[in-house]
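**Student:** Here is how the chains run, residue by residue.
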Amino acid sequence: MAMAALRHAIARLLALLLPALAVLVGVATLVFLLLHLAPGDPVETMLGERASAADRAALREALGLDAPLPVQYLRYLRDLAHFDLGLSLHTREPVAATILERLPYTAILAVAALVCALVLALPLGLYGALRAGGLAETLTSVAAVLGMSLPSFVLGPLLMMVFAVWLGWLPIAAPGTVAGLVLPALTLGLALAALLARMVRATVREVLAEDYIRAARARGLSEARVLWRHALANAALPLLTVVGMQLGALLGGAVITEIVFGWPGLGALTIEAIQRRDYPLVQACVLVVSVSYVAINLATDALYGLCDPRTRTG
Amino acid sequence: MALAFVLGWAVIALLHPLFLPEATRVHLDALFRAPAATAWLGTDELGRSIAQRVLAGAALSCGIAVVAVAVSLLLGTAIGVLAAWTGGLVDTALARLIDVFMAFPDILLAIALAGVLGPGTGNVLIALGAVGWVGFARLARAQTFALKTREHVAVARALGVPPPAIVLRHVLPLAAAPLVVEASFALAAMIVAEAGLSFLGLGAQPPTPSWGSMIRQAMQYLLIAPHMLIGPCAALMSIAVSANLLGDRLRDRWQIKA
Numbered sequence: 001m002a003m004a005a006l007r008h009a010i011a012r013l014l015a016l017l018l019p020a021l022a023v024l025v026g027v028a029t030l031v032f033l034l035l036h037l038a039p040g041d042p043v044e045t046m047l048g049e050r051a052s053a054a055d056r057a058a059l060r061e062a063l064g065l066d067a068p069l070p071v072q073y074l075r076y077l078r079d080l081a082h083f084d085l086g087l088s089l090h091t092r093e094p095v096a097a098t099i100l101e102r103l104p105y106t107a108i109l110a111v112a113a114l115v116c117a118l119v120l121a122l123p124l125g126l127y128g129a130l131r132a133g134g135l136a137e138t139l140t141s142v143a144a145v146l147g148m149s150l151p152s153f154v155l156g157p158l159l160m161m162v163f164a165v166w167l168g169w170l171p172i173a174a175p176g177t178v179a180g181l182v183l184p185a186l187t188l189g190l191a192l193a194a195l196l197a198r199m200v201r202a203t204v205r206e207v208l209a210e211d212y213i214r215a216a217r218a219r220g221l222s223e224a225r226v227l228w229r230h231a232l233a234n235a236a237l238p239l240l241t242v243v244g245m246q247l248g249a250l251l252g253g254a255v256i257t258e259i260v261f262g263w264p265g266l267g268a269l270t271i272e273a274i275q276r277r278d279y280p281l282v283q284a285c286v287l288v289v290s291v292s293y294v295a296i297n298l299a300t301d302a303l304y305g306l307c308d309p310r311t312r313t314g
Numbered sequence: 001m002a003l004a005f006v007l008g009w010a011v012i013a014l015l016h017p018l019f020l021p022e023a024t025r026v027h028l029d030a031l032f033r034a035p036a037a038t039a040w041l042g043t044d045e046l047g048r049s050i051a052q053r054v055l056a057g058a059a060l061s062c063g064i065a066v067v068a069v070a071v072s073l074l075l076g077t078a079i080g081v082l083a084a085w086t087g088g089l090v091d092t093a094l095a096r097l098i099d100v101f102m103a104f105p106d107i108l109l110a111i112a113l114a115g116v117l118g119p120g121t122g123n124v125l126i127a128l129g130a131v132g133w134v135g136f137a138r139l140a141r142a143q144t145f146a147l148k149t150r151e152h153v154a155v156a157r158a159l160g161v162p163p164p165a166i167v168l169r170h171v172l173p174l175a176a177a178p179l180v181v182e183a184s185f186a187l188a189a190m191i192v193a194e195a196g197l198s199f200l201g202l203g204a205q206p207p208t209p210s211w212g213s214m215i216r217q218a219m220q221y222l223l224i225a226p227h228m229l230i231g232p233c234a235a236l237m238s239i240a241v242s243a244n245l246l247g248d249r250l251r252d253r254w255q256i257k258a
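Keeping their order, the protein sequence lines are chains L and G. By my numbering, the letter at position 159 of the first sequence is numbered 159, and the numbering carries on one by one without gaps. By my numbering, the letter at position 203 of the second sequence is numbered 203, and the numbering carries on one by one without gaps.
Just so you know, these hints were derived from the structure itself, not from any lab. The C-beta atom is built at its ideal place from N, Cα and C for all residues, glycine as well. Treat the hints with caution; some may be incorrect.
Unchecked claim - Sample of chain L residues with no beta-carbon within 10 Å of chain G, all distances over it, derived: (1) 56; (2) 103; (3) 209; (4) 241.
As the list claims (entries may be wrong) - To give a feel for the contact side, a few chain L residues facing chain G, derived at Cβ under 10 Å: (5) 19; (6) 23; (7) 27; (8) 30; (9) 145; (10) 149; (11) 150; (12) 152; (13) 154; (14) 157; (15) 164; (16) 248; (17) 256; (18) 275; (19) 279; (20) 293.
To be verified - Quick look at which bits of chain G chain L covers, simulated, 3 or more residues with Cβ under 8 Å: (21) 93-103; (22) 109-115; (23) 215-228.
In isolation and in its complexed conformation, chain L is listed as follows:
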C-alpha cells in the first residue's frame, strides 16, 4: 500500500519535472546560441584591436573558443550540469560567485514588490467586489490599464520625483537599505497590484454568487467569516496562479527597475555585463533568471495541486 503510494508520488513528480527539464535544456541552448552566433569577438574586446595574433590565439585557446561550436556546446552543457558557469572575462572570478552575491538583492526586491502588490490589491479588490460600480471599481479599472501601460522607467522616476524630490520622505536611491527598498518595490509592485485587484474583484464576486455562500449566510455565520473562510479561500486558487505567473514577469521587470534605482541586483548586473561585453556573465545572468522563472512556474503548479484536491489525480 505504502509502496504504491510512494511510487505514485514519484511518478507524479517526474511527470512534472521532466518537461520542465526539457524546457531548461532548450533555454540553455538558446542562450548559448544567442551569445555564440552574435557578431563581435570577445577576444578582440578583451585584448583590444592592437593585440598580436599570437596573443589572441593564446587567449582563444585558454578560453576554449578555438574548439568547433558543437564541442563548445557540449562542454558548456557539461559544465552547466556541474553548476559551473565559467569565469568572468572582466574580473576573472567565477561567475557563479558574482551571481550569488547579487541574487539576494533581486529576491528581496521581488518579494517586497509582491508584498506591496498583495497589501494594495486584497482590500481594494474585496471592496470592489462588495460594492459594484463604486469608487473602488473605477479605481481598479483605471489602475489596471495604467499599470499595464506604465513601465518601471516611467513610474520609477515619477515616484522618485514626488516622494524623494518634492516631499523628501524617501531617499532617491539608497541601494541595499530598507528605506531605499520602498520606491523600487512600489514601482515594481503597482502594476501587479492593479492586475491582482481586478482578479480579486472578479473572482470574489463570482464566488459570492455561489450557493454555498448563501448556505453559509443562512446558517447565520458572520459576514466577516463568510468572506474570509468561504469567499477568499475559494478565490485563492486563481489568485495563486496569477501570482505565480506574474512573479516571473516581475523578475524581468526588475532588470529595468534596478537600473532606475541603482539597486545592485541581478538585473543591474546583467546590464553591467552587457556593457563590458562580459559574455559568460551575460549568459549566466540570463540563464539564472530564466531558470528561476521556470522553477517558479513549476512550484505554482505543484502548490496548485496541494491547494485544490480536485486536481490531485489517482
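Guided by the hints, dock chain G onto chain L, whose structure is given.
**Tutor:** Chain G only, in chain L's frame:
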C-alpha cells in the same frame, strides 16, 4: 477616443521631418528652461525644445513598434499555422520551441539580444521581433487547431483545394479577429519595450530623439530640472494606454475570450 489617440500619434510620426530640425538644434543660451510659451514643455540640458523632441521621437518609437508588431504577426502566425496544420513531429518541435521562448521573461531576452547585437535601431527591431512572434504563434496555433476540424475546411479539402489556399481563404479570415486584438496589445507592449531598450542605452543613439533616452536624460537632471521628465513620460503613457484600451474595446466588441 483610444483609436483617435493612436491615429494621432501615427500622423505625428509620419510628419516627423517637420519637427526634427528644431528637435536637434542646440541652444546653449537656453539650458534647462522651465515650461513657457516659447517652449511649452521646457528645454533640456542642451537647450533643445522638449516638446519638439517628443514629437520627433514619435517617429522612432511608433515606427519601430509598428514594424516589430508586423514582423511578429507575420512570423508568429506563419509558425503557428504551420505547426497546427502539419501536426505530428513538426508541431511537437515547434510547440517545444514556443515553450522555450515562453520560459524567458520577454524584456530580458530582448535586452540580452539587443545588448549582444550592439546598440542601434535595426538591432532593436531584431530583438523585439525575436521576442514578439511567440505570442502570435501560440494564438495562431490554437486557432488553427480549432478551425482545422470545421466542416467547411473538410469540404474544401474534399474538393481538392490545395492546403495553402485553404489556410489563406478558409482558416486565416476566421482566426484574424483574435490576432488583431493581440496585435493591439502587442503594439502597446512594443512601444514600451522599445522605450525600455532606449532607456538602457541599447536603442537609438544620440542625437536622435527617442522617448526612452529622453527619460534617461531627464533622470540625470531630476534634481535641477524635473520638468524634463513630463514630456516623454506623458507621450509614452498616452499611446501605451490608448493602444491597450483599443485592444480591450476590440476584444469586447468581437467577444473574444481570454
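**Student:** If a hint holds in the structure, say so; if it does not, say that too.
**Tutor:** Evaluated hints:
At roughly 20 Å, the least C-beta separation between residue 56 (chain L) and chain G is larger than 10 Å, which holds for a residue marked as non-interface. Distance to chain G confirms residue 103 (chain L) as a non-interface residue, since its nearest Cβ pair spans about 15 Å, more than 10 Å. The Cβ of residue 209 (chain L) lies farther than 10 Å from every Cβ of chain G, with a closest approach of about 20 Å, so its non-interface assignment holds. No Cβ of chain G comes within 10 Å of the Cβ of residue 241 (chain L); the nearest lies about 14 Å off, and the non-interface call holds.
Interface restraint check: residue 19 (chain L) against chain G, minimum CB-CB distance 8 Å, threshold 10 Å, status holds. Because the beta carbon of residue 23 (chain L) sits about 5 Å from the nearest beta carbon in chain G, less than 10 Å, this interface hint is met. A distance limit of 10 Å between C-beta atoms decides the matter here; for residue 27 (chain L) the minimum to chain G is near 5 Å, and the interface restraint holds. Among the interface hints, the one on residue 30 (chain L) holds; its C-beta lies about 6 Å from the nearest C-beta in chain G, closer than the 10 Å criterion.
Because the beta carbon of residue 145 (chain L) sits about 6 Å from the nearest beta carbon in chain G, less than 10 Å, this interface hint is met. The criterion of a C-beta within 10 Å of any C-beta in chain G is met by residue 149 (chain L), whose closest approach is roughly 4 Å, and the hint holds. About 6 Å separates the beta-carbon of residue 150 (chain L) from the nearest beta-carbon of chain G, less than 10 Å, and the hint is met. Hint status for residue 152 (chain L) relative to chain G: holds, with the closest Cβ pair at about 8 Å, below 10 Å.
Given hint, residue 154 (chain L) at the interface with chain G, holds; its Cβ is 5 Å from that chain's nearest Cβ, closer than 10 Å. The beta carbon of residue 157 (chain L) comes within 5 Å of a beta carbon in chain G, closer than 10 Å, and the hint placing it at the interface holds. Interface hint at residue 164 (chain L): satisfied, since its Cβ lies 8 Å from the closest Cβ of chain G, which is below the 10 Å cut-off. Annotation: interface hint on residue 248 (chain L) holds; nearest CB of chain G at approximately 6 Å, less than 10 Å.
For residue 256 (chain L), the interface hint holds, the least distance from its beta-carbon to any beta-carbon of chain G being 6 Å, beneath 10 Å. Interface restraint check: residue 275 (chain L) against chain G, minimum CB-CB distance 8 Å, threshold 10 Å, status holds. The restraint placing residue 279 (chain L) at the interface with chain G holds, with a minimum CB-CB distance near 8 Å, inside the 10 Å limit. Given the 10 Å rule on beta carbons, the hint for residue 293 (chain L) holds: about 6 Å separates it from the nearest Cβ of chain G.
Under a criterion of three residues with beta carbons nearer than 8 Å to beta carbons of chain L, the stated coverage of the segment 93-103 of chain G is upheld, 6 such residues being counted. A stretch counts as covered by a chain when three or more of its residues have a beta carbon under 8 Å from one of that chain; for the segment 109-115 of chain G and chain L the count is 5, and the coverage holds. Restraint check on the segment 215-228 of chain G versus chain L: 7 residues with Cβ-Cβ distances below 8 Å, three needed, restraint holds.
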